[in-house]
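4 protein chains.
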Amino acid sequence: MRFSSEQLQDIEEQRGITAPTRRATVPSLEEILYEALPVLDHGFIRVIDYMGDDSAIVQAARVSYGKGTKKKTEDRGLIRYLMRHLHTSPFEMCEIKLHVKLPIFIARQWIRHRTANVNEYSARYSILDKEFYIPRHEHLATQSTVNNQGRGKILDFDQAERVMEILRQDSERAYDNYAYLLNEDEEGQPVNQDQDGLARELARMNLPVNFYTQWYWKVDLHNFMHFLNLRADAHAQYEIRAYADILLDVLKRWVPHTYEAFMDYRKHSARLSQGGLEAVKRMVKGEKVAMEDTGLSKREWDELMGLLDVKVG
Amino acid sequence: MRFSSEQLQDIEEQRGITAPTRRATVPSLEEILYEALPVLDHGFIRVIDYMGDDSAIVQAARVSYGKGTKKKTEDRGLIRYLMRHLHTSPFEMCEIKLHVKLPIFIARQWIRHRTANVNEYSARYSILDKEFYIPRHEHLATQSTVNNQGRGKILDFDQAERVMEILRQDSERAYDNYAYLLNEDEEGQPVNQDQDGLARELARMNLPVNFYTQWYWKVDLHNFMHFLNLRADAHAQYEIRAYADILLDVLKRWVPHTYEAFMDYRKHSARLSQGGLEAVKRMVKGEKVAMEDTGLSKREWDELMGLLDVKVG
Amino acid sequence: MRFSSEQLQDIEEQRGITAPTRRATVPSLEEILYEALPVLDHGFIRVIDYMGDDSAIVQAARVSYGKGTKKKTEDRGLIRYLMRHLHTSPFEMCEIKLHVKLPIFIARQWIRHRTANVNEYSARYSILDKEFYIPRHEHLATQSTVNNQGRGKILDFDQAERVMEILRQDSERAYDNYAYLLNEDEEGQPVNQDQDGLARELARMNLPVNFYTQWYWKVDLHNFMHFLNLRADAHAQYEIRAYADILLDVLKRWVPHTYEAFMDYRKHSARLSQGGLEAVKRMVKGEKVAMEDTGLSKREWDELMGLLDVKVG
Amino acid sequence: MRFSSEQLQDIEEQRGITAPTRRATVPSLEEILYEALPVLDHGFIRVIDYMGDDSAIVQAARVSYGKGTKKKTEDRGLIRYLMRHLHTSPFEMCEIKLHVKLPIFIARQWIRHRTANVNEYSARYSILDKEFYIPRHEHLATQSTVNNQGRGKILDFDQAERVMEILRQDSERAYDNYAYLLNEDEEGQPVNQDQDGLARELARMNLPVNFYTQWYWKVDLHNFMHFLNLRADAHAQYEIRAYADILLDVLKRWVPHTYEAFMDYRKHSARLSQGGLEAVKRMVKGEKVAMEDTGLSKREWDELMGLLDVKVG
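Protein chains in written order, with UniProt numbering: chain Z, 1 to 313; chain U, 1 to 313; chain E, 1 to 313; chain A, 1 to 313.
FYI, nobody ran anything at the bench for these hints, they're computed from the structure.
Keep in mind that a hint or two might mislead.
Since the list can't tell identical chains apart, any single copy or any two copies may satisfy a pair.
What the hints assert, rightly or not - Each computed DSS-like pair below joins lysine-lysine, with the alpha-carbon atoms no more than 30 Å apart:
# : residue 1 : residue 2
1 : K67       : K298
2 : K130      : K288
3 : K67       : K285
4 : K281      : K252
All figures in this text were calculated on a predicted structure; none of them were measured in a lab.
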């Protein structure tokens with residue numbers, strides 16, 4: 001993550017301005033407002049703005065004239081009730097806006113969450129920076145043999161070095177050719193007078209998907225949690241999880257009661273299928289239950305045993 | 001619009017609390033925050049929260065590290081450019097949250113705007129107040145004879161009085177029977193000991209659609225303007241227009257540059273069809289153009305003449 | 001449910017027309033196409049159109065050039081996998097379109113599902129029929145004392161009769177006054193020559209929310225199941241559940257493998273919170289677990305015991 | 001566009017299956033169902049399924065029991081009325097599903113249209129084909145000097161050759177390294193026994209955005225037209241316009257009345273700002289109007305003159 005001095009100054013300037021407001025305000029989130037939280041080698045997340053707090057959820061749920069409930073403990077109880085019973089609309093009454101810098105292949109996963117607003121840096125208008133993602137040794141792994149869309153064992157040191165070298169060389173060359181095709185210096189003048197520059201919207205097609213892009217992204221709290229539920233997860237690709245994990249901390253700063261309820265009833269909860277529930281009922285009654293009696297497939301049975309921490313013989 | 005003293009106190013309390021924030025802040029909107037702006041006989045709009053301002057739009061459009069542009073005039077110019085060229089996503093980066101009290105039949109039109117969040121007062125949980133909408137004399141009119149979905153001439157005084165009397169009596173009776181069916185006093189105890197109260201979700205079915213409901217409604221700026229474009233319009237039913245007109249003022253307080261651009265390029269703009277445009281081109285060149293030469297239908301031709309302020313002989 | 005002979009003829013006519021298509025086709029759903037499936041006293045559901053079938057889900061999931069997989073059993077397996085792992089986008093590739101007649105207060109709950117398309121019969125343009133919902137004896141109940149938004153015990157016969165009488169009288173009177181205010185006969189001519197008719201958009205405000213409205217409603221399969229999950233549920237109001245239950249049958253006719261997976265992994269599944277899962281793990285290991293040891297609230301504990309079919313002493 | 005013999009057989013097989021249906025059916029669209037319509041050098045569009053036709057729009061607009069209106073001319077008239085007056089919901093009652101192969105940088109523009117369903121070929125699960133986009137001579141141009149996001153003059157032959165050579169070499173090398181990193185042969189066995197293959201989700205990051213991806217994309221007719229309005233437009237990048245132009249033909253086959261209304265009232269229509277409208281009114285009255293009198297900016301004035309085909313001296 002490299003910032004120009006102008007960018008750093010812009011950030012500091014915004015952090016320096018304070019105004020009084022009657023709106024719901026969250027000091028622990030204000031603390032990090034506009035700051036660049038680093039992710040991967042060149043990425044970041046910046047919280048730009050937010051609307052609402054825990055008590056705004058309660059206020060909306062009650063369609064009330066004043067703030068939440070009279071007591072903080074009632075707010076917490078109601079939030080837990082709403083989360084448990086899937087009353088999602090009060091959570092939609094809060095909103096957060098982020099500035100994110102991320103590799104293109106991650107942006108392509110991220111944008112699949114459609115219930116959000118996005119404004120991306122345009123490579124039709126502007127020239128992309130020379131910033132690309134190279135994974136660290138410990139994140140270079142083989143294809144998983146048990147999971148079609150995951151990683152297996154970590155590569156050994158020499159192989160990892162070789163992979164990084166290939167990625168780095170191809171990225172460097174791609175960017176150099178991108179710059180050559182554009183044929184523009186910092187003032188937008190041709191570098192080489194004998195050559196026409198290629199339009200930006202065309203030249204950018206030479207860049208690989210590990211190059212960084214950036215966008216403003218805005219989402220309501222309900223859909224933010226849905227994003228975190230899917231992306232701060234062992235099945236998500238490491239590189240998007242790196243962003244989601246930081247956003248979990250942002251969630252905690254912003255709406256601590258909601259965060260707690262989210263962890264209890266969503267993130268750390270478990271869903272039992274009809275067959276799985278039947279099996280569990282019998283186990284709880286003390287029965288010995290074998291896979292064959294349950295109608296569950298081998299994969300479902302293994303997942304259930306894993307969930308229940310039962311060592312399978 | 002009648003408020004209990006508790007409600008008034010809740011509102012004043014929220015207005016009294018001020019906290020410092022680093023977020024974009026709009027003093028002219030803060031001024032009216034939480035206040036009930038009256039609409040119709042018992043309705044209101046309260047602005048509960050907002051996110052962003054004019055310069056936040058510019059900031060998002062540029063995916064920038066600092067605030068909008070350096071000069072206010074550049075912000076205005078860019079906002080006008082974005083509005084003119086239908087670059088809608090930067091406008092989605094602002095958000096507003098309202099508390100609205102409105103008759104059910106208006107709520108049913110309003111909710112057709114799906115890209116918004118809503119949390120409505122539930123008549124399954126709670127008991128509705130005895131508040132219903134009775135139009136004023138000047139809003140009681142006949143069915144339009146030129147427009148299938150509009151109003152014609154104003155009723156004369158006696159007929160209007162008669163209409164109001166019928167509406168009032170039916171509403172009074174409906175509510176009295178609703179209360180009788182519920183059989184609950186203010187403490188939730190039976191009024192009549194010999195009778196079981198009917199469930200709230202059932203008893204409410206007796207109430208007509210002129211009764212007031214209320215909700216929290218949150219929408220982004222782009223969709224807010226889309227709502228205003230359709231509802232602050234001569235083709236909209238008067239009762240929803242009454243709300244939309246007040247919201248136009250809210251828009252002006254909140255994002256004055258955007259408001260101005262919205263009025264110029266959307267609200268007061270006109271769309272010419274292919275045939276209409278061809279006709280106008282010829283008129284501008286000084287040709288005499290008759291309806292028959294244009295391929296336009298009678299209705300389209302009349303609309304075009306109306307648009308151009310041309311008296312049709 | 002009363003149909004005019006013209007309506008019946010329209011329905012039969014559409015059922016009579018058959019054309020060849022290359023599209024995915026579902027004979028068991030074709031069988032009931034356009035037919036009015038009765039719901040409540042005057043409501044109905046008609047399936048008007050559909051897109052896709054079970055194998056279209058597989059085809060989309062594989063982004064394939066041909067139909068689903070080679071073997072039917074593989075289709076089933078993949079659909080179950082997708083459902084279990086929350087891969088929702090392939091299910092969005094199917095679509096269904098319904099014509100529904102339903103009481104206004106149910107329409108107001110239904111439309112809260114925003115990810116759908118709706119076109120409602122307009123009481124601004126047209127005159128509503130004299131059709132209102134009166135619950136049957138067995139559906140008239142008191143307010144639940146354990147659940148804020150539900151029903152308790154069934155009213156006794158005499159009280160139920162009295163309730164029905166009140167609802168019926170108020171509905172009759174409301175409609176009579178609506179008709180009086182409109183002052184239009186079947187040809188749109190004034191009934192009473194001395195009186196101006198009131199605009200339709202105004203007169204309709206006298207009608208209670210138990211009157212029937214109708215709409216075309218279109219939704220993708222993923223959101224259709226989300227609707228069914230919430231509405232074909234014991235916590236939903238009986239009157240909307242009556243519609244959802246019939247739609248469950250429609251789902252089964254349309255996409256039988258998806259229906260089966262939906263029932264196993266969604267409808268009949270159970271979610272355990274973090275605390276609930278911890279308790280279950282210990283029970284499965286044979287421990288005696290008391291509420292006090294779990295950190296669960298009384299309500300959560302009772303829900304868990306209910307789920308596990310454990311009698312609480 | 002290269003297809004394997006298996007893919008061609010899959011397509012032909014689907015085209016060969018016909019079943020009777022009661023649904024609205026469009027023979028001219030059935031004709032091309034499943035066929036691959038070529039776009040750019042390796043891309044295609046295949047229409048996979050559709051729901052509804054022109055008369056289904058009318059049927060939904062009327063919430064009717066039978067098919068559209070009795071006469072075809074009435075259908076056309078109502079569709080034009082709906083289009084002119086922005087009654088969008090009846091158009092949402094039709095749906096189309098496509099299989100599209102397109103370069104990644106175009107997919108990234110396309111997916112900005114969020115009100116659609118998409119299922120993309122996953123480079124986490126599967127290996128991408130060696131297919132990348134190389135523009136033809138006539139599409140290689142300089143950056144526009146008048147428009148920040150467009151193309152200027154076409155490159156001369158030698159420069160174009162040079163650009164194509166660079167793009168081709170970088171794409172070839174990127175793919176070769178991608179394949180080397182994966183280290184998998186067609187059976188999924190290692191090519192080189194001494195080397196571990198890199199996980200697919202990682203190796204793909206080396207590929208440039210001119211590589212082709214593919215997806216199933218489903219959208220309702222209203223949003224389809226919105227897409228076409230923005231993308232079959234001179235301001236859109238040529239490469240996405242190439243897709244949109246073909247989809248205009250698909251629209252014409254599918255819903256010819258809607259297509260005609262769309263062209264008249266949207267595609268070939270013009271919007272006049274408040275200031276532009278005032279200027280036109282005066283011109284139509286025969287006044288000489290100069291830019292200075294209008295309050296329009298230079299850019300707006302030029303756009304207006306262009307619209308009216310007025311040569312500016």
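Comparing the hints with the structure gives:
1. K67 to K298: The answer is between: 27 Å across copies meets 30 Å, while 51 Å in one copy does not.
2. K130 to K288: neither (61 Å within a copy, 54 Å between copies)
3. K67 to K285: For K67 and K285, the Cα distance exceeds 30 Å both inside one copy (46 Å) and across copies (46 Å).
4. K281 to K252: between (35 Å within a copy, 28 Å between copies)
Hint violations for this structure: numbers 2 and 3, all remaining hints satisfied.
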